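J.: Since chain A is already given, all that's left is putting chain B on it; use the hints.
Listed here are the chains, written in short residue letters.
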Amino acid sequence: MLYRTAGQFKISYKADHALFPVRQDAYLLGFVLLLAFVVFPLTASEFTFRALLIPVLIYSLAALGLNILTGYAGQLSLGTGAFMGVGAYACYKLLTIFPEMNIVIAIAMSGFFSAAVGVLFGLPSLRIKGFYLAIATLAAQFFLVWLFQKWAWLYNYNASGAIQVPNIDMFGITVAGPRATAMTQYYFVLGVVSVITLFAINITRGRIGRMWKAVRDMDIAAELVGINLMRAKLTAFFVSSYIVGVSGALFVFLWRGAAEANLFDIPLSFRVLFIAIIGGLGSILGNYLGAILIVALPVIVSTVPATFGIPIDSAMVEHLNVMIVGALIITFLIVEPHGLARFWAVIREKLILWPFPH
Amino acid sequence: MNQRPDHKQMTTPDDGIAAGAVLLDVRNVSLAFGGVKAITDISLNVKKGEIRAIIGPNGAGKTSMLNVINGFYTPQEGTITFRGKERRAMKSHEAVGQGIARTFQNVALFKGMSTLDNIMTGRSVMMKRNIVWQMLWHGPALNEEIEHREKVEEIIDFLEIQHIRRTPVGKLPYGLQKRVELGRALAMEPSLLLLDEPMAGMNLEEKEDMSRFIIDVNQQRGTTIALIEHDMGVVMDLSDRVVVLDYGKKIADGTPDEVKNNQDVIDAYLGVPHGEEMP
Numbered sequence: 001m002l003y004r005t006a007g008q009f010k011i012s013y014k015a016d017h018a019l020f021p022v023r024q025d026a027y028l029l030g031f032v033l034l035l036a037f038v039v040f041p042l043t044a045s046e047f048t049f050r051a052l053l054i055p056v057l058i059y060s061l062a063a064l065g066l067n068i069l070t071g072y073a074g075q076l077s078l079g080t081g082a083f084m085g086v087g088a089y090a091c092y093k094l095l096t097i098f099p100e101m102n103i104v105i106a107i108a109m110s111g112f113f114s115a116a117v118g119v120l121f122g123l124p125s126l127r128i129k130g131f132y133l134a135i136a137t138l139a140a141q142f143f144l145v146w147l148f149q150k151w152a153w154l155y156n157y158n159a160s161g162a163i164q165v166p167n168i169d170m171f172g173i174t175v176a177g178p179r180a181t182a183m184t185q186y187y188f189v190l191g192v193v194s195v196i197t198l199f200a201i202n203i204t205r206g207r208i209g210r211m212w213k214a215v216r217d218m219d220i221a222a223e224l225v226g227i228n229l230m231r232a233k234l235t236a237f238f239v240s241s242y243i244v245g246v247s248g249a250l251f252v253f254l255w256r257g258a259a260e261a262n263l264f265d266i267p268l269s270f271r272v273l274f275i276a277i278i279g280g281l282g283s284i285l286g287n288y289l290g291a292i293l294i295v296a297l298p299v300i301v302s303t304v305p306a307t308f309g310i311p312i313d314s315a316m317v318e319h320l321n322v323m324i325v326g327a328l329i330i331t332f333l334i335v336e337p338h339g340l341a342r343f344w345a346v347i348r349e350k351l352i353l354w355p356f357p358h
Numbered sequence: 001m002n003q004r005p006d007h008k009q010m011t012t013p014d015d016g017i018a019a020g021a022v023l024l025d026v027r028n029v030s031l032a033f034g035g036v037k038a039i040t041d042i043s044l045n046v047k048k049g050e051i052r053a054i055i056g057p058n059g060a061g062k063t064s065m066l067n068v069i070n071g072f073y074t075p076q077e078g079t080i081t082f083r084g085k086e087r088r089a090m091k092s093h094e095a096v097g098q099g100i101a102r103t104f105q106n107v108a109l110f111k112g113m114s115t116l117d118n119i120m121t122g123r124s125v126m127m128k129r130n131i132v133w134q135m136l137w138h139g140p141a142l143n144e145e146i147e148h149r150e151k152v153e154e155i156i157d158f159l160e161i162q163h164i165r166r167t168p169v170g171k172l173p174y175g176l177q178k179r180v181e182l183g184r185a186l187a188m189e190p191s192l193l194l195l196d197e198p199m200a201g202m203n204l205e206e207k208e209d210m211s212r213f214i215i216d217v218n219q220q221r222g223t224t225i226a227l228i229e230h231d232m233g234v235v236m237d238l239s240d241r242v243v244v245l246d247y248g249k250k251i252a253d254g255t256p257d258e259v260k261n262n263q264d265v266i267d268a269y270l271g272v273p274h275g276e277e278m279p
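Order-wise, the sequence lines are chains A and B.
Position 186 of the first sequence, counting from 1, maps to 186 under the working numbering, and the rest follow consecutively.
Position 140 of the second sequence, counting from 1, maps to 140 under the working numbering, and the rest follow consecutively.
Chain A extracted, bound-state conformation (with noise of 0.2 Å):
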């Protein structure tokens, strides 16, 4: 009853292509708004900042540039580390050779260098698919986190080979580096990752997103109705590691602080492809869903029994961490093999005809 949709009528097409057409997720989404605006910078305490909150919004927009190549394009990739790494160093040498750069323009700077790098690495999409295009994305993580090592231009020849983030003040704030307070960090990552969102929401939903999907459903069909494949993948893959990249900035300038070549190695693009998987192909909700099960449940996992006073100590946290997470794993995707997304989608249909099934 709470989600009876019935009595709201759409009598223009404006009204049926709004954001949301039913009127209660609108309300939803505005109290989950409420909650990431309001709600927990009040109540959050510095580890919930940077062990919950932070990580969770910057992998859910790796998670989100990933779908857009994989869920909504249908090309697979294994390198999203990778491009994670390129926006994080492009960013890093912006800021270095320009110091006095605002630091929104050299995040939404980096975000290019990474998507060319990704419309360079997808060209072979142009002729290869599924696993293959994946080992060939394969490829360009290997051969990217080598480059980060090697290439010692890109961390300023310091003899650690990591890139360390200074202070950066943004309007007499510091909102980046050592001095930066947790709670700054958190409304800069939920500013940027609310815009970019809300862009993916856009393209996906229109002319774009349906030439996406039309090639990944049946590319053949696709280009006998008018598309141009080669345009259309690289088009994916450009915005796809633009957020990717963006993500990998976010990921080093206001979360680790400090990071090395191999900290985008392949783990990582597994981690973001799983959040993606988990949180549903094709999905932006799924994203979100995905991050907090994979970024937040270990946190949550390992703090628990300390709350209750339980001594274990912490290897065995880290054991049950792992066992838990991938038991949760597997159940979720057998119980939904199309992710969280999809079945928060079952449930809401449910509660739309709820108490009448019929």
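One or more of the hints may lead you astray.
[Stated by the list, open to error] In silico DSSO-like cross-links for lysine-lysine, where the CA-CA straight-line distance does not exceed 30 Å:
no.: 1; chain 1: A; residue 1: Lys14; chain 2: B; residue 2: Lys111
no.: 2; chain 1: A; residue 1: Lys10; chain 2: B; residue 2: Lys171
no.: 3; chain 1: A; residue 1: Lys129; chain 2: B; residue 2: Lys128
no.: 4; chain 1: A; residue 1: Lys350; chain 2: B; residue 2: Lys111
no.: 5; chain 1: B; residue 1: Lys111; chain 2: B; residue 2: Lys151
[As the list claims (entries may be wrong)] Far from chain A, by Cβ distances over 10 Å, these chain B residues were calculated:
no.: 6; residue: Gly20
no.: 7; residue: Phe33
no.: 8; residue: Asp157
no.: 9; residue: Gln162
Hints are computed from structural coordinates only; laboratory data are not their basis.
None of these values were measured; they are calculated from a predicted model.
Ideal Cβ positions, reconstructed from N, Cα and C, are used throughout, including at glycine.
T.: For chain B alone, kept in the frame of chain A given last:
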């Protein structure tokens, strides 16, 4: 959705070809895949405003012929003249821009998308707003979307598929999928519509519906249609002219009555013992 669409508005864009003049001219086309000759030296034409059927037994080269016409295959020999422009090779995504749309023998819809989105995809070529406008959505991109949505709703209304507008096409029964596919082709506003077995696997009622839609498309919208079909009753009733292929060669061409009484056609369909004396 508050407006009743007027089907008379739906017309094929003027392509400068008078009714009855030759719209598509295929001349001496041969196509081979390695040693397999799919099409040997076939010439045929399609006149504006007619319904043209291509028939023949399995493996006769009918679908290959359609693929040549819309640029999916490039023939080794021969020329294709469409709307006065001659070409042999073209990229298949360019066919739509030239005014050729088609449906497939095995339904080739975008399974993960709704009926509405599938038909909207047919208008991709006509939508021009770039990615920046798409990102912002409000303003030009939304106006464009609504403008095309109105055209698509006309087609949905025409094909009587309003009730499945939001249904993912993967869940639809076969007959409806075929209809959605026709809708997607119509959304491209083609001058020439190629239908590859539009009635395959349908029951009698669905066939009657589909025949009605084909005639309506032809008469109300003035779209020229070339179709492949195995149901002889349908072919003979619908089409203005029929071309018969067998083993990649043209064996007959003419009105349904001429073709029906052609001895080569009867032989091809009923079979003659090759290389032996007839009893």
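J.: Taking the hints in turn, state whether each one holds.
T.: Each hint tested on the structure:
no. : hint                   : in the structure
1   : Lys14/A with Lys111/B  : holds, 26 Å
2   : Lys10/A with Lys171/B  : holds, 25 Å
3   : Lys129/A with Lys128/B : holds, 28 Å
4   : Lys350/A with Lys111/B : holds, 23 Å
5   : Lys111/B with Lys151/B : holds, 22 Å
6   : Gly20                  : holds, 28 Å
7   : Phe33                  : holds, 17 Å
8   : Asp157                 : holds, 14 Å
9   : Gln162                 : holds, 13 Å
Hint check: no violations occur; every hint is consistent with the structure.
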